[in-house]
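Enquirer: Based on the hints, put chain B in the right spot on chain A.
The chain contents come next:
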Amino acid sequence: MPVLIFLDQSEGHLKKNSYEAAAYGAKVAELMSTKAEGVVLGPASGDLSTLGKYGLQKIHHVKSDVFSNFDAQTYTSVIADVAKGINADVIIFSNNMDGRAIAPRLSVKLKAGLVSGAVSLPDVTNGFVVKKNVFSGKAFANVSINTPIKIISLNPNAFKPVEGEGTAEIVEFTSSVGDSKVKVTAINKLDGEVPLAEAELVVSGGRGLKGPDNWHLLTDFAKVIGAATACSRAVADADWRPHHEHVGQTGLAIAPNLYFAVGISGAIQHLAGVNRSKVIVVINKDPEAPFFKAADYGIVGDAFEVMPKIIEATKKIKGM
Amino acid sequence: MKLLVCISKTPDTTAKIAFTDNNTKFAEAGVQFILNPYDEWYALVRAIELKEADTTAIIHLINIGGTENDPVIRKALALGGDEAFRVNSSSHDSFFIASQIAAIAKQNNYDIIFTGKETIDYNGSSIGGMVAELLDMPYVSLATKFELSGGSATITREIEGGEEVNEVALPVVVSCQKGMAQQRIPNMKGIMGARMKPLKVSEAVTADELTSITSFELPPPKAGVKLVPADQPEELVRLLHEEAKLF
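One line per chain: the protein sequences are A and B, in this order. Here the first sequence stands for residues 423 to 742, where the numbers follow our numbering. Here the second sequence stands for residues 304 to 550, where the numbers follow our numbering.
Worth flagging that the hints you see were computed from the coordinates, not collected in a lab. What you are looking at is a predicted structure, and each value in this text was computed from that prediction instead of being measured. Hints should not be assumed to be uniformly reliable.
Estimated spans, in silico, between C-beta atoms of each pair [to be verified]: (1) B:Val508 to A:Pro712: 18 to 28 Å; (2) B:Glu506 to A:Asp708: 21 to 31 Å; (3) B:Lys503 to A:Gly633: 21 to 31 Å; (4) A:Ala608 to B:Pro522: 36 to 46 Å; (5) A:Ile739 to B:Asp315: 40 to 50 Å; (6) B:Glu352 to A:Glu615: 23 to 33 Å; (7) A:Gly633 to B:Glu537: 25 to 35 Å; (8) A:Thr641 to B:Asp534: 45 to 55 Å; (9) B:Lys529 to A:Gly588: 37 to 47 Å; (10) A:Lys611 to B:Pro524: 35 to 45 Å; (11) B:Glu520 to A:Lys611: 34 to 44 Å.
Ideal Cβ placement from N, Cα and C applies to all residues, glycine included.
Next up, chain A with everything else stripped away, as it sits in the complex:
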């Protein structure tokens, strides 16, 4: 009764969140004294056997080109077949964009209770209880899954994958899924940027930066530390920055290791999207800015004076 982990790929490349899910799933298997196995749908570049380093013993690879076209329905159908074939009793997803589409469908198909947005390993000492984020990061709920098969979707950046030793066995799985009702007609990705949804370090700006021309204060710093850039709603609404950079309740909710906020006051709607960040740094002129209450480090000061010095000092540390 192994643990099955769905390893999400895009255009042949496994996503960062897939490694998190793999390592998390391997730990769940350890807790339950069983094996961890992965499933990859669609053509995958690279050697899948290296997933053994994250604790997976076997990878079920469904090579068909059908899965280059993402459709939650066909994905669900074949993942269900793999799960049934190996008698999986726990199935793990990343709670990323694709995971959010597939896991609920699979929950229905297998009549398996789902906890989405898990933040830690299940407690299996008395039943099967998983901790998840609720109230937009302001609280946690411990949720008991009361069905024989259990599905967990793990929040991105909630579990750090550690590489060890090992090689996974690759097993080809053939399926006869029907035609897809969803046709992907275009994929538009931003080149050369760290995707915000996957970023561990995020540098973000608000109205305090006074205009789009001043954004080099953030983008230069982001480049030095390898961070993604984000912004407040006001900034996106004013078209200073593209909408996909907007974090907050109505934008993207993120939980990076570092959220470095410059010139953002920290309204509750903004905090709802970033309050799960592990370390929050706030640079703001106004000592009364509510963001300081949620911050770990801060400088009460003028971003235009502080940021160039921060960039210099960071370059020095990085030997740049």
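Expert: Quick look at chain B alone, frame taken from chain A:
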């Protein structure tokens, strides 16, 4: 064209989050409740826009909950829903709730079922996918654009680091987020008219609950901000490097 919009009642964004009954229940006393923002701003308003483009369209609303939910349902009717269903239940289990929605949907043959991307209280993001599976319909999640042409829809959804465009023949289930529609507020005519619109209450159909919440907890309080003087920004960099080990 028949549209169904799934709506939830949630605590206001600024509500204080606390728990009672040995941390097993959300403390509702004094909390202001609202229509879940994603359901209202994106799912419902996009449905209203589609109806404005095709006046023969009908918008149904569905909510699972008790009589205390009626004010938010009336608000959604005031914005532009034509008719609402409320299924009496206090369940928080996604599968149970999705089963109620699917039961109503089966009687009405909707062309499009809209949900918000998640509720701001339980953050499950699961109802749309479950309803789609129960109805054997395609599902596009986290949609930022939705355009109709004839019997099919062009839907843009968010992916990591970009977006993807999908072509789907109706019927379809779609979860909606920012980009779908512009926020609007109900006008007086809508508010007056909402009182006359049907709000049909039914009892829940039999369905299993696959999960249960055993307890809630609040995150440990932050230690407090460590402030670095504005004339020593290099000290902040040192702390992030040596203490927090972030880069």
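Enquirer: Does each hint hold? Answer for all of them.
Expert: Hints, verified against the model:
| no. | hint | in the structure |
| --- | --- | --- |
| 1 | B:Val508 to A:Pro712: 18 to 28 Å | violated (45 Å) |
| 2 | B:Glu506 to A:Asp708: 21 to 31 Å | violated (53 Å) |
| 3 | B:Lys503 to A:Gly633: 21 to 31 Å | violated (52 Å) |
| 4 | A:Ala608 to B:Pro522: 36 to 46 Å | holds (40 Å) |
| 5 | A:Ile739 to B:Asp315: 40 to 50 Å | holds (43 Å) |
| 6 | B:Glu352 to A:Glu615: 23 to 33 Å | holds (31 Å) |
| 7 | A:Gly633 to B:Glu537: 25 to 35 Å | holds (27 Å) |
| 8 | A:Thr641 to B:Asp534: 45 to 55 Å | violated (24 Å) |
| 9 | B:Lys529 to A:Gly588: 37 to 47 Å | holds (40 Å) |
| 10 | A:Lys611 to B:Pro524: 35 to 45 Å | holds (40 Å) |
| 11 | B:Glu520 to A:Lys611: 34 to 44 Å | holds (38 Å) |
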